[in-house]
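> Each chain is listed here by its residues.
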Amino acid sequence: MSHGARRVWSGQAVFLAWATVAACGFVAPFVVYPVFAMNVLVMALFASALNLLLGYSGLLSFGHAAFLGSAAYVTGWSAKAWGMPVLVSLAAGVAVATLLGLVFGVLALRRTGIYFAMITLGLAQVVYFIVVQMPWTGGEDGLQGIPRGTFLGIDLGNSIAMYYFTYAVFLAAFWLIQRTIRSPFGQVLRAIKENEPRAISLGYDVQRYKLLAFVISAGLAGLAGSLKALAMQFATLGDVAWQRSGEVVLMTLLGGMGTVLGPSVGALLVVTMENYLSSIGSWVTVITGAVFVVVVMAFRRGIVGEVQALLGRRS
Amino acid sequence: MPDDLILETRDVAKEFRGFVAVAGVSLRVKRGSIHGLIGPNGAGKTTMFNLLTRFLPVTRGTILHRGEDVTAMAPAQVARRGVVRSFQISAVFGSLTALENVRIALQRRLGTSFRFWAPERSLRVLDDRARALLDDVDLGSLADVPAGELPYGRKRALELATTLALEPEVLLLDEPTAGMGHEDVGRVADLIQRVAKGRTVLMVEHNLSVVADLCDTITVLARGSVLAEGSYAQVSADPAVREAYIGSAA
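Protein sequences, first through last, are from chains W and B.
Just so we're aligned: the first sequence equals residues 1 to 315 in my numbering.
Just so we're aligned: the second sequence equals residues 1001 to 1250 in my numbering.
If you're looking for bench data, these hints aren't it; they were derived computationally from the structure.
Model, not experiment: these values are computed from the prediction.
Even glycine gets a Cβ: it sits at the ideal position worked out from N, Cα and C.
A couple of the hints might just be wrong.
Unchecked claim - If the Cβ cut is set under 7 Å, some of the chain B residues that face chain W in the computed set are: (1) 1042; (2) 1114; (3) 1118.
Claimed, not checked - In silico contact screen, one side only, chain W against chain B (beta carbon under 7 Å); selected entries: (4) 159; (5) 167; (6) 180; (7) 182; (8) 184; (9) 185; (10) 191; (11) 195; (12) 198; (13) 202; (14) 205; (15) 207.
Using the sequences provided together with the hints, build the complete structure.
What follows is the structure in structure tokens.
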């Protein structure tokens, strides 16, 4: 029966997805620059965090850079000015992003659809201007020279070591996202996304579920930001700017929202384009924009989504 | 006798920017009865449903469940009290399997619905109960089919199984046979009769033969007001009802 076949296939797909990510991740720092590979990882985590909202809860946040950026600054400051250990700095960044997510969520979830997106964008702009005004963020220069510190006695100043640290955190976070999607909570989220009135009529306080999804997503976006600050050793205004919020939506749609691997594939593509095409300057934006238009018009499911649909039809 | 009434509205009204959808309806639903709500299009039947289940706020009036005022409660809260509704268009979760649909309803009472760190298999303890509910509506063999792929009549049956999973005290069915073929209508009517045992059912229905067969009491609404109330024989003999239905049914 075709339904049974699909179930088996989706189990295989999940396993395949894991194996692919794991294998690529292990050899990456020997194939490409470790810093580039870390950039891909943190953006993949960022996009996967957004996907939890966009793909599995049906909520479009246009303010996720606020979580990425604020966590980057907090982690950077904690490591640089206070000399805190890596894990403490990471935790501080994630905590701030999570709290910020709670504030954003409580305010934005009062509205739905485009109004929800606009409120997240507006609040993210507030965060942006706060970061610009604060004396300790370094304004236009950003926070520079953030020390990576050590972890279990290993000097993370070494880029290969830092890469594997980032990779381990990424895998743990990626696992948590997959678990969330396939948890009792994830089931309720799917139900709400598909038919909110029906979920209400079954007695679910849907706002509380959406809020928890938003907070988890914000916390994980913060984790991406904290890792980014340590990996790149700087935090800049670019990480809190609205362009970053737009970019992560683009990555998610490009790779395929609501798919396990889509956001990571999207992040890989966008970061690669930005990296290798950076010599041609602002044309990068034109090219990413054009790619985005093509994807939305021709491959609405995104790259991974289209591949899955193709394989699903064949089986 | 007020304790005989499980659901009651007192002079409930709903206006949308000046348009009066429901103009002061007092409804008295007896415990254990099957109560029909009929009337021509635009009579305010679905609006009444939305008011009773708190999906819409009332403009004025009071809604009582078991004699308690529920007028200001949230819709999910009313659902948790045991007043559960169905929808006019079939409301299933399309990408979830039939089994998962029923399990969503069972899951809330398990109290683990906020556990994002727990594996999905922790829900398997509910599978037996979910399968039993599916068997009740003859869906046992389709348990693993995504709900979106079920034929229309089967979706309505699944919706009913999902609703029954909550063990509701009051079932509000919004046009349970709408858009169904002859065979399915009979099947769903039988099903409603079966599940109504030990519960109260309030149903909006256009198919008058279903209403005649099932309902103990019928309230006829027209232009947002109660036109007539009583048994099928009583309301169908009422000249005002006949007039309201000219051109549409009787």
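> Looking at the structure, which of the earlier hints fail to hold?
1, 4, 5 and 15
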